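> For reference, the chains in residue letters:
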Amino acid sequence: MKAEQVLASFKKRFKLKEARIDNVMHRANRKSAVPRIWIEIGREEFKEAVGHLCELHPMPHFAVASGYQIGEIIELIYHFSLNYGKPQGEICIGIKTKLEKGNASIPTITGLVPGALISEREIQEMLGVKVEGIPDSRRLFLPKNFPKKVYPWRRDETGPNKIVRNMHKGEKK
Amino acid sequence: MSEGKTFKIAVGPVHPALKEPVQLNCEIEGEQVKHVDIELSQVHRSIEWIGTRRNPVQVVFLAEKICGICNICHTLCFCEAVESIAGIEVPARAHYIRTIAAELERIHSHILWAGVAAHELGFDSVMHYTWKLREKVLDTTEYLTGNRIGKAIVTIGGTKRDIEEKQFGKIREACNYYRQNFSRLRDIFLKDPIIKARARDIGILRRDDALSLCAVGPTARASGVKKDVRQDEAYAAYPDLDVKAITPKELLGEIRGDVYDRIAVRLLEVLQSVELIEKCLKQMPEGKIAYESKLAKVLSDVKQLKGEAIGRHEAPRGEVFHYLKMVGEETPYSWKVRAPTYNNILSWIPMLKGAQIADIPIVAASIDPCMSCTNRAAIADGKELGNEKLHRLSVEKTRSLKKGPGSERGNCN
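Same order as they appear, the protein sequences are chains A and B. If you read the first sequence in full-length UniProt numbering, its first letter stands for residue 1, the second for the next number, and so on. If you read the second sequence in full-length UniProt numbering, its first letter stands for residue 1, the second for the next number, and so on.
If you are wondering where the hints come from, they were derived from the structure by calculation, not from laboratory data. Take the hints with a grain of salt, since some may be wrong.
Said to hold, decoys possible - Just so you have them, the derived chain B footprint on chain A, three or more residues with Cβ under 8 Å:
id, segment
1, 64-72
2, 88-98
3, 113-125
4, 134-145
Just so you know, these numbers come straight off a predicted model, no measurement behind them. Beta carbons: idealized from backbone N, C-alpha and C, even for Gly.
Pulled out of the complex, with its shape left as it was, chain B reads as follows (with noise of 0.2 Å):
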């Protein structure tokens, strides 16, 4: 090939190795990335339109649906805003519940990471292993909320359901479990010399780019900069808890900002989850787990606001920002939601300029991207399920299930 001759490959939306709709346009030299462009409106759902349309208790359920890993986060945001709005005074006590489910969501988030960034490596054997790993704390939050994923354990002013002295033999068991599990999962990760060749100095985020970038979560702290807001703005539990912002540095010596870096910084980070329950669980104060049990009194406290307030929660991905405004209505006037992965979008140009094309998903996915929380309209212009098409749908599908397994499903043609 002639010297200097670019060539343009799409990587996305739909992509074997990507699994998040975004649509990477990247200029090839060789073999050699020389320029990214981003293009996301693959998911955008309308999340915030349909969020100003509803009173505050309603959208509690709807934020919880943005993103099904990050669900806790979302709620505590909107919640948080609210609360701050209407000046209610969340109880000690569920403050600690929504940390211990916040932190639950973190395990789980950092350990399915870790097995899609194997598995983007080719590496399907230590995928499946550490999602064998995760089934723990999936186990422990069917436990604790009757849900494996989305928790709904989070409301206005406080928590829904109480975590009980006699379901912390469970929640410490989860703990020690990851607790023994940590040293192999490093050692896989850290120590394996495939992993090594393929995360060692591939898709280097400077310390100054990931500043002026203004990254957020552990890509920012796997390039040296210690932004955390459980430490930084220290909400909930947080401040009794003591949280201090990991970087790699404290396990490896050194700061890269490479993707082995945002690896060892997430390993690192089941473990300071792991210490926060348990912490957790030793100082739960004794108390209410709401300011109020009804809901229709949380409803008239809070369907007609007036002010504007922000909410912020450090997610598995990075820092979660809620804007809301209400002006004396029952629906909110505006309503923004950020996700983390808005703000370390950017970062993958200079993450994957000079990459090799090889190298493109796993820098990809070393920013743990989430797109279905970045975007929030879907417009169809082609077959649409309509209203009358979808009940019918539901309920010849509800009266074969009835029927028993074997019988014939659904049939959505």
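Excised from the complex, chain A in its bound form (with noise of 0.2 Å):
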């Protein structure tokens, strides 16, 4: 399966916000690119898209997830990639989702893909995400002290700023 017939078979059967595959070249010989697919997906269809690419891949390869929040909104990516073991033909394919930030929350994907747990946890702590039905929602990556409702991925008045000692700056008086 070619990156163009997986992005088409997500645009066949979702409402996609966004799609596009951006071709990079980094290979010595120039001969090729390696196509990274992204879409965006509500938030409601989210776990849909993930048992999709389950379809078109039986153990789709889980990367991570990465998130940031921008103004109102937190926005998740869901790193995959699908044919790992074909030499020069795999792809990788992330999944956006856009999620309000006063009530962000987003299903478990573990039925789908069990390797997801960690970073399902971290986003729970980093972000402040409600990972819902997520079998073990512990703090993962943060010290059992560190602060409560202190996210260290946004960039808000619930970020990290307040925490944080710039050292450069001299000793606390």
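Relying on the hints, combine the two individually framed chains into one complex.
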């Protein structure tokens, strides 16, 4: 399956808010480019989209979920790849979804991809996104004494800025 | 002891048999591990946060400090992401130099790991032997880059240093050294009855578990999953080199997914890296080593980018993944670093279930964990060394060093 076909199959089934293929040329011989698919999907259809990916490939490789907050929106990107194991055939796909900051939640995908647990625990503690149905909702990377309701990946008042001490600005008197 | 009664023991974060700061809370029945719970958060250093306060050229230096051993991997991924956003064309020669550096790193990492594995098994003479072998690759790295570990050779748009024709001799010499010593290393690790007894059928990761838990690198390949970014995506010089993902089948004829298989895969990969370096030296094209040699020009090209991209690389431990988003500011808006251990941690649970207490260290070590990569905030709520004190201490230390050996060293109390 080629990247265009993967994108077409998504377009056919879902209403995509954004759909593009970036062709990255990072090979010494410059004979062919590596396709990277980026799609954006509504929160309601997100889990179904991951399910669709599992139909295209029995077990898509889940790399990681990244995320950030811009204004009132939290954007999550789940990075997957298909067709691993085929020489020069792997296709990376980033599935984006936008959530409202005040009430950010996303369904768990651990039922489809069990390896996503670490990432889900991470976005929960780092971005304050509630993962519905997560099998293990404890903190993972943040220490136990880290203040509650501070989310290191955010840039607003709930971000880590208040607790940061800049050592180059001298000692606290 | 009565049947069914379990105890909890914690292995780590500081444990003589586990060198990485991670805590494995094991539920034990008799000698057998019933359940494992993993606690990270021991060395979170906020690298990503620091990265979003620096411009891309500065982040290259930061990325190199994420992990000592994987210093090429993270820089390469970050540079790849920046190059994708900016549309920078990396010269072919630079791709070859990057590949050679990455493969030297793999040889170093795998041999270092082999020594650690031998140590975890209580076989310290083998540890010293393998680490003696490792010296050669460190010397070669020092010869090429000036440093034994931190290579500082990858930069945005190419490499900082060239590998010249006259230097090829020493690299070939190192390749020959590893070829000659490979059979001995293989015999020690794969034929020794004690290693066999401690590693065969221990810490099994089944193929379907490796797939569903998204394991990467030698951990996945030892379970028969042919995942290798060098083969699947073939970036840099790899498409010209015909890389094939290595499974234990090639050497042992079968795949069991145990510790022994993981040893075999890493040993084979040392040999594979030697072959790849030799091929690179043979095929290396002429040309520039970077699209732009002036750093100020590079900075002006990359500091107001808009867009997002990912960078991927097959590190010695598996796939490294970086996500970068720039929104027209000097600094990245979002930077996500995902090291291979992050994906391999969950594999510990099926590996350790049913294992003996004595096997915990070698099973834990068998994925070659790297916690500094995986965790990346230090909250110091105790003794803190402030800026002034640190500065004073370093001035004292420098002065005492200048006085020459034997003089009183800086006092850190």
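> Run every hint past the structure and note whether it holds.
We went through each hint and held it up to the structure:
1. 64-72: holds (count 5)
2. 88-98: As far as the segment 88-98 of chain A goes, the hint holds, because 5 residues have Cβ atoms under 8 Å from chain B.
3. 113-125: With 6 residues in contact (Cβ-Cβ under 8 Å with chain B), the coverage given for the segment 113-125 of chain A holds.
4. 134-145: holds (count 7)
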